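Colleague: Throw the hints in and build the complete structure from the sequences for me.
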Amino acid sequence: MMERTLTRRLSAGLVPAVPYLWLGVLFLVPFLIVLKISLSDPAVAQPPYKPVFEWSDIAGFFSALDFENFTLLIEDDLYFRATLSSVRIAAVSTLLLLLVGFPIAYGMARAPERYRALLVAAIILPFWTSFLIRIYAWVAILKPEGLLTQALMAVGLISEPLDILNTETAVYIGIVYAYLPFMVLPLYATLEKMDDTLLEAALDLGSTPWRSFWTITVPLAMPGIIAGSLLCFIPAVGEFVIPDLLGGSETLMIGRQLWSEFFSNRDWPLASAVAILLLIILVVPIVIYRDVEARRVEVQR
Amino acid sequence: MTIRRLSVFNVTSLVIGFAFLYLPILLLVIYSFNASRLVTVWGGFSTQWYGALFRNDALMEAAWVTLRVALLSATIATVLGTLAALALTRYGRFPGRTLFTGMVYAPMVMPEVITGLSLLLFFVAVDFDRGFWTITLAHTTLTMCFVTVVVQSRLMTFDRSLEEAAMDLGAPPLRTFFSVTLPLIAPSIVAGFLLAFTLSMDDLVIASFNAGPGATTLPIKIYSAVRLGLSPEVNAASAILIGIVTLGVISATLLSKRSVLRSRRNAH
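Order-wise, the sequence lines are chains A and B. Under this note's numbering, the first residue of the first sequence carries the number 846, and numbering increases by one thereafter. Under this note's numbering, the first residue of the second sequence carries the number 667, and numbering increases by one thereafter.
Hints may be right or wrong, so weigh each one.
What follows is a list of derived Cβ distance ranges for each label pair [unchecked claim]:
hint, chain 1, residue 1, chain 2, residue 2, range
1, A, Leu880, B, Gly710, 52 to 62 Å
2, B, Asp723, A, Ala862, 40 to 50 Å
3, B, Thr755, A, Tyr960, 25 to 35 Å
4, A, Val1129, B, Asn722, 38 to 48 Å
5, B, Arg826, A, Thr1014, 50 to 60 Å
6, B, Ser917, A, Ala862, 35 to 45 Å
7, A, Arg1141, B, Leu913, 31 to 41 Å
Sample of chain A residues facing chain B (criterion: CB under 7 Å; computed from the structure) [to be verified]:
hint, residue
8, Val860
9, Pro875
10, Ile878
11, Ala985
12, Gly991
13, Gly1083
14, Gly1100
15, Ile1131
Simulated from the structure, these hints should not be mistaken for laboratory data. Treat the numbers as computed from the prediction; the structure is a model and nothing was measured. All residues carry an ideal CB built from backbone N, CA and C; glycine is no exception.
Modeller: Structure (structure tokens):
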């Protein structure tokens, strides 16, 4: 009997242990390695950085660490500008997403109940098709002799080809397009639960629709606004594919910088330092997002 | 409840919003049947690029690798993610729970460039050759977190008295799990698997860091083709992928609708 409970306990312990171990080895350890390599010197070798760790030489390990890569990041204003422009592009995109996403989510929440599930499915469907393909589709549209120019010239709105591809405008279009479901769904979730009688009461009491929108709808939708904004802002800061395919050479973004340090310059320590920098920028929004999500899960319970 | 009315503004924003979402995809599919090599100039209907696509061995090879990686990584991720979801909902406070929760949520919001780079540096440090297996392990690590969240949300709204009843009637825990818990959470496990599969099929960034000379995935191929300019073959490949996804989502919706109907009928 003793033995049976022991095996049972051990097998029960396996349930958390297996995924725990997996994430420990393949998420936590790799992350510590990035931290370590960001503090090492580059070497012309394969792999292109000095050895990671020798147990026999712990003192040497610590003395070899330095902040040279980070000093370089601070001194070379390229990274500073890339950081600023990543945050700016992500912030502007999030704002645009709110402007585009809110009317859609609002319309969905007002639609007759039998259509709502279908509308939600229709918002999610593009998300299941490849991200890369959806961005690729915009290249053909935004090209100077592309489909948008052809359409606008046929209608007679413009006479010169539009030159949008490889500009920051194209990056905004790409981010808004790719992240729209992430903004619409949390907004819809809060707007759908909203009590309409509040709006009616406000109207009865003489409030204008515009005023009741700002004093009732927006505050009630706040959890959705915050969740949607963070869900778009966080990945947008580290975005690589969109600025690379739609942006121009002057579109600086930190994820793109990391990519080129790694693949073009083969400077792994500097790429690791850029990764740490990116993470430092995102730590605050990620923590806020975790709190918001945890609270939402608690409410659900 | 009051009747909600759709105003003109509501309808307009829905129409424009959905047109914005679907028009680019639609144009991409239409232009995959373009006879002209110039992707944006219509030169008549043709299916030649589909033929060219199937004769492109490098692209077909990459598609095959992508499919194998996605199937294998989604399968492992589903098992690990389900275990993690059980651990988070059924095990109360176990040592290191906070760290565990953090490790489950972090990969989902972490920029892909960081996840990709850190896994690559890990594989290099332990001297693991880059290729099929490194991509599979990397994708499993990312996608298991999504499976965890999907299964966890089902487990939390789950009526635990059913499990307790089975145990009271003398069913051992393992049997209770397989004959009560598992069938009830099965739809969320399937949904988690599909999500993991799609994320793996779709991933460019993490795969680029962890791909080796032996194994290239379809997104990596498409990306390098796109960098060189538009290619009608990529349009054809995209149209096929979009077709598969659309069929998959529609059949999954129909299946889940049927099972809901069946369970309703059984309840009566």
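Colleague: Look at each hint and say if it fits the structure.
Modeller: Checked hints:
| no. | hint | result |
| --- | --- | --- |
| 1 | A:Leu880 with B:Gly710: 52 to 62 Å | 57 Å, holds |
| 2 | B:Asp723 with A:Ala862: 40 to 50 Å | 44 Å, holds |
| 3 | B:Thr755 with A:Tyr960: 25 to 35 Å | 33 Å, holds |
| 4 | A:Val1129 with B:Asn722: 38 to 48 Å | 46 Å, holds |
| 5 | B:Arg826 with A:Thr1014: 50 to 60 Å | 53 Å, holds |
| 6 | B:Ser917 with A:Ala862: 35 to 45 Å | 37 Å, holds |
| 7 | A:Arg1141 with B:Leu913: 31 to 41 Å | 33 Å, holds |
| 8 | Val860 | 5 Å, holds |
| 9 | Pro875 | 4 Å, holds |
| 10 | Ile878 | 5 Å, holds |
| 11 | Ala985 | 5 Å, holds |
| 12 | Gly991 | 5 Å, holds |
| 13 | Gly1083 | 2 Å, holds |
| 14 | Gly1100 | 5 Å, holds |
| 15 | Ile1131 | 5 Å, holds |
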